[in-house]
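J.: What follows is the residue order along each chain.
There are 2 protein chains.
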Amino acid sequence: MPLNSMQDLMIHKLQDIYDAENQALQAYPQIAGAVSSQELKQALQTHQQETQGQVQRLEQIFQQLGAQPGGQTCNGMQGLIQESQKIIQEGGAPEVLDAAIIAAAQAMEHYEIAGYGTARTLAQQAGMTEAAQLLEQTLEEEKQTDALLTRLAEQNVNQKAQQAGQ
Amino acid sequence: MPLNSMQDLMIHKLQDIYDAENQALQAYPQIAGAVSSQELKQALQTHQQETQGQVQRLEQIFQQLGAQPGGQTCNGMQGLIQESQKIIQEGGAPEVLDAAIIAAAQAMEHYEIAGYGTARTLAQQAGMTEAAQLLEQTLEEEKQTDALLTRLAEQNVNQKAQQAGQ
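Residue numbers (the working numbering), protein chains in the order written: chain W, 1 to 166; chain G, 1 to 166.
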């Protein structure tokens, strides 16, 4: 579908994020199942539940736009999920795998931060105040998840992994 | 290669970023060639030159670690580049394509921000002060490029695209 207007671009971007979030929802159980830190497992499971709410927000916006949520395959998220699966398949010391999975999950979060940032700005500029607020709400959740993963890595997981490898 | 130590993870992560940057270097000319805003083209070309310096920094770190830079294929960046190529192939109004390409380039930047953030923290925690500083330097450049793309979108490209689509 050619991008002839900013409305086309907004729908394209929202469909891309919608597919990305649904791919992530499918992938989270395997990722959370592969970690050994209980705190990390809990953080990933909480984010999985949060993602279900984020998907519903997107569906609300599609309704406002009179557009369908399906139609895009998000290659970016596909690649990011492949990376996390590769790490799990390669295996290693459980504590080091936890640190590696945090890194892979943060790459997924950053994809979403970039995507929601763009979609929020497009909605603002189109005067879609309610949609912009919904997207901003999700953007903040993604940033908080990313910050939580950084804290878990720096304060807990990485130290254990350092000891495991010695 | 199983991840048995944090050194394994650091090398894995650096090889992943190294491949991502090299893929990006291959892709930038096509992406910059597809935009119509001169300011945006200039920003992408400047970042391409900057990326060459970032690749050299990574090679310096590999030397310090006594490790090879090759060996990983970055599926994440592969997917992100496929997305930008899909946008270029779909076509549309040139101003709207510019806005879409900014979004795709920001997704690539965010992948790198996540990757360098992880690598910098791993280097700090391993007491590799010089490597941590080199990675921090690149991380700041990636964040500045992302911020520049946001400014270009908000102050220039998106308005033109909005007018084009009316």
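Keep in mind that the hints were calculated from the coordinates and are not lab data. In this text the structure is predicted, and so the values were computed from the model without any measurement. The reader is advised that the hints may include incorrect statements.
For identical chains, the list gives no copy identity; a pair is met inside one copy or between any two copies.
[Said to hold, decoys possible] Okay, derived cross-link-like pairs now, SDA-like style, lysine to any residue, Cα gap no bigger than 20 Å in a straight line:
#1 Lys86 / Asn4
#2 Lys86 / Gln72
#3 Lys160 / Thr121
#4 Lys160 / Gly127
#5 Lys86 / Gln159
J.: Next step is simple, just say for each hint if it's right about the structure.
T.: Against the structure, the hints:
1. Lys86 / Asn4: between (38 Å within a copy, 15 Å between copies)
2. Lys86 / Gln72: Between copies only: 11 Å across chains, 24 Å inside a chain, cut-off 20 Å.
3. Lys160 / Thr121: Classified as between; 15 Å across copies, 40 Å inside a copy.
4. Lys160 / Gly127: between (49 Å within a copy, 16 Å between copies)
5. Lys86 / Gln159: neither (23 Å within a copy, 42 Å between copies)
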